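*Asks:* Each chain is listed here by its residues.
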Amino acid sequence: NAGVTQTPKFQVLKTGQSMTLQCAQDMNHEYMSWYRQDPGMGLRLIHYSVGAGITDQGEVPNGYNVSRSTTEDFPLRLLSAAPSQTSVYFCASSYKAQGINSPLHFGNGTRLTVT
Amino acid sequence: KQEVTQIPAALSVPEGENLVLNCSFTDSAIYNLQWFRQDPGKGLTSLLLIQSSQREQTSGRLNASLDKSSGRSTLYIAASQPGDSATYLCAVLNDYKLSFGAGTTVTVRA
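Keeping their order, the protein sequence lines are chains P and E.
This note's numbering puts the last residue of the first sequence at 115; the count rises by one with no breaks.
This note's numbering puts the last residue of the second sequence at 110; the count rises by one with no breaks.
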């Protein structure tokens, strides 16, 4: 059981480049989400999805796009990378967005550096 | 906007001592509260989930309490071990959005 898989593990981009961070889960979870983690600031929600075809913005959505065409995949696109987007990105999923005993499962993260 | 605070930011204890980690939140209209553990360079692992209607949850040496009306949760870890050294984060769920505290970094000295 792979759980939540994120690729790549590490990425270096130049300012202005675009890229897609991949996230896939094999647990048939309805809810998927993206967070960024910066020192001293905890995790901040970027975008989330409560099911295939449905996405919404979190706390820090600017500069990022998402789509959810299948239950399994939830890619995060950086449109034009900026140094302020240097961070560790985590994808997480749960069976239901607000289900009883439905904890969040996290991937191992993507460490992104923008120069 | 939900604000989640964890105090202290860091804690160092000798092996065998009980750990008490605190979490407070500003909006009491939460659906649930979750405690996670994060090891360096790794993702987060769920430890305990407390529904808003519950007062506490227990798993092995871990016990988490929730006082929704006062906006507080406490994670107790009994008889700490060096393997408990990690960062512990709490998070609250409102309207499909999870808000995290910055975490408490715990060091258990052998």
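Read the hints as simulated data drawn from the structure, not as lab findings.
As the structure is a computational prediction, the values presented were derived from the model and not from experiment.
Heads up, some of the hints might be wrong.
To be verified - Calculated pairs, DSS-like style, for lysine-lysine (alpha carbon to alpha carbon, straight line, at most 30 Å): (1) Lys96(P) with Lys42(E); (2) Lys97(E) with Lys1(E); (3) Lys68(E) with Lys9(P).
*Asks:* Decide, hint by hint, whether the structure agrees.
*Replies:* Right, here's what the structure says about each hint:
no. : hint                   : verdict
1   : Lys96(P) with Lys42(E) : 24 Å, holds
2   : Lys97(E) with Lys1(E)  : 11 Å, holds
3   : Lys68(E) with Lys9(P)  : 37 Å, violated
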